[in-house]
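*Asks:* The chain contents come next:
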Amino acid sequence: MNDDLLICRCQEITKAEIEEAIRRNDLRLMREVKRQTRAGMGLCQAKTCGHLVMGILAAESGQAPSEVEPDTSRPPVRAVPVRVLANRVADDDRD
Amino acid sequence: MRIEMHPILGEAQWGPKVTLMVDGKAVDAFEGEPIATALLAAGRRVFRHTTKRDEPRGVFCALGRCTDCVMVVDGRPNVRTCVTAARDGMVIETQRGLGHWGTEQILGEKGEQGHA
Amino acid sequence: MHETEIAIVGAGPAGLAAAVEAAQAGAQVTLVDENARPGGQLFKQIHKFFGSKAHHAGTRGVQIGRNLLSEAEKAGVEIRLDTVVYGIYPDKRLGLACDSQSEDLKAASIILATGANERPLAFPGWTMPGVMGAGAIQTLINIHRTLPGRRVLMVGAGNVGLIVSYQLLQAGAEVVAIIDALPGIGGYGVHASKVRRAGVPILTGHTILAAKGDQAVERAVIAKVDSSGQPIPGMEQTLDVDIVGLAVGLSPLAELAWMAGCQFAHVPELGGWVPVHDEEMQTSLPGLYVAGDVTGIEEASIAMEQGRMAGLTAAQALGCLPSQEAEIKKIEVRQRLDALRVGSFGDARAIARQRILSLSVPQGIREG
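Protein chains in written order, with this note's numbering: chain A, 163 to 257; chain B, 560 to 675; chain C, 30 to 397.
If we strip away everything but chain A, and leave its shape as in the complex, we get (with noise of 0.2 Å):
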């Protein structure tokens, strides 16, 4: 097996490190895998890595791929600028 093979190609995260990461912390959810190797924090928010990264969990962690959900979704949903955020149409700024 290739170690050094890429899974989150944005934080250049290998399959290595993530099962490394699992083993080590005996990980189950999505959501430590992510906090503990950062695959999946970059900017594609893991629309590309989200079911490698899924299956590797089931894998290491002897889960069924139907016991491991994706993380929390939260927005926003893609990467917005933070000026756009701030510029915000007002309520009463439309008719």
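Check the hints yourself; a few may be wrong.
Stated by the list, open to error - Not everything, but these chain A residues come out facing chain B in the computed CB check (under 10 Å):
#1 Gln173
#2 Leu205
#3 Cys206
Claimed, not checked - Computed footprint of chain B on chain C; a stretch qualifies when at least three of its residues, placed anywhere within it, have a C-beta under 8 Å from a C-beta of chain B:
#4 148-158
#5 165-175
#6 198-208
Simulated from the structure, these hints should not be mistaken for lab results.
Beta carbons are placed, not taken as given, at the ideal position from N, Cα and C, and that holds for glycine.
Assemble the complex: chain A is given as a structure, and chains B and C must be docked to it using the hints.
*Replies:* Only chains B and C this time, still in chain A's reference frame:
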């Protein structure tokens, strides 16, 4: 390579020709097309180099989700070139790592420029 | 904030169809899409759909998309493009963001039609420029009329892999091979025959070992696999390619449904985690509906019918459509959906769908 004539789609309809400055070199584009396709047509496949491993990345999803195609556009880094329209005179640079902010360009502007 | 009666997230086939039904029933409809153009994946489908009339047989996806769009415009749907719905909040409020500003959109009902995402396949070299999704290739060649390379290895012999390979040939590229780790071809025979006749070898029981090159893909290494899917030593081949297309499946893009707190089920046949819904496309949350590939990967025709169902149900719930008329229309949609799911491919999905329906709350209990 451009697909000028297509058996189903017919003749390609392009916007007006514009020029992009990519890493200091002039690259032809059609106004309104994604920056990424102009670069691909010009034979360029490497759009950025990653932070940790300095590895080349290019177009992966082509619809603005994977963020692998990001480059520094008019002083702004992390611009998704596959969903950002090419405009005449755009200054585009291969992004290295997290990129850099072209402060003069951004602080000097009045309105919004570019797309993040 | 802006208010509307029915907010629809995603202007692909499901979202457009939902918008048309709801607006024709008299509801105020706002359709939001993060892309510059509506139509989702429909405008890339330059091939003719086949099957029955319900499948829109004989019509190209592109034309179906144009028809839907013009119906939506005629029905008075407010279409907001280049606008991302970045969040969904408890009081049926959506957070919208475009290039320069953000705002809230409050709706009486929300339909999520956010579609699906391509699944990745990780292997040594998969991050190199030149490795891309099959959908990415389709976007580049059919929408932007630009070839990303000349010689392609397509990984995945399902419908997407087969169709995109054929479209690559139409665009003037060479498809060196289509490979699939499975022993059989996953896609429809019609598509497989077309590419075979055009001279493209389909190598089942093969997997990709690596993509190689200096700064971008220059070659790919593939290998025959044994019955347990393991590469057989000595059976490697190196192919001279500059593009590796990944067509290994799709999975629903359901972040907003998760965020809203919908009940989910894990259904591998439909792409993994899918929001639970009833026959009328209502989720576990009253007034929140889902339609299209976000509910599970099927086909454009099914996405459209689900969209119609959601649009009708939402309009009926708001009192825009009299119940009797709504029920008749919904029966018609249900019949078309049943017709679309016949055949071996459809059967598996129909069975998977039943599992989801059995998990949903029975109708009539939470109606407001």
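*Asks:* All the hints need checking, so say for each whether the structure fits it.
*Replies:* Here is what the structure says about each hint:
1. Hint on A/Gln173 holds. Least Cβ distance to chain B is approximately 8 Å, under the 10 Å limit.
2. Evaluation of the A/Leu205 hint against chain B yields a held restraint, the C-beta minimum of about 4 Å falling below 10 Å.
3. About 5 Å separates the beta-carbon of A/Cys206 from the nearest beta-carbon of chain B, less than 10 Å, and the hint is met.
4. A stretch counts as covered by a chain when three or more of its residues have a beta carbon under 8 Å from one of that chain; for the stretch 148-158 of chain C and chain B the count is 3, and the coverage holds.
5. Given a C-beta distance limit of less than 8 Å, the hint that chain B covers the stretch 165-175 of chain C holds, as 9 residues qualify and 3 suffice.
6. With a threshold of 8 Å between beta carbons, the proposed coverage of the stretch 198-208 of chain C by chain B holds, since 3 of its residues qualify and at least three are required.
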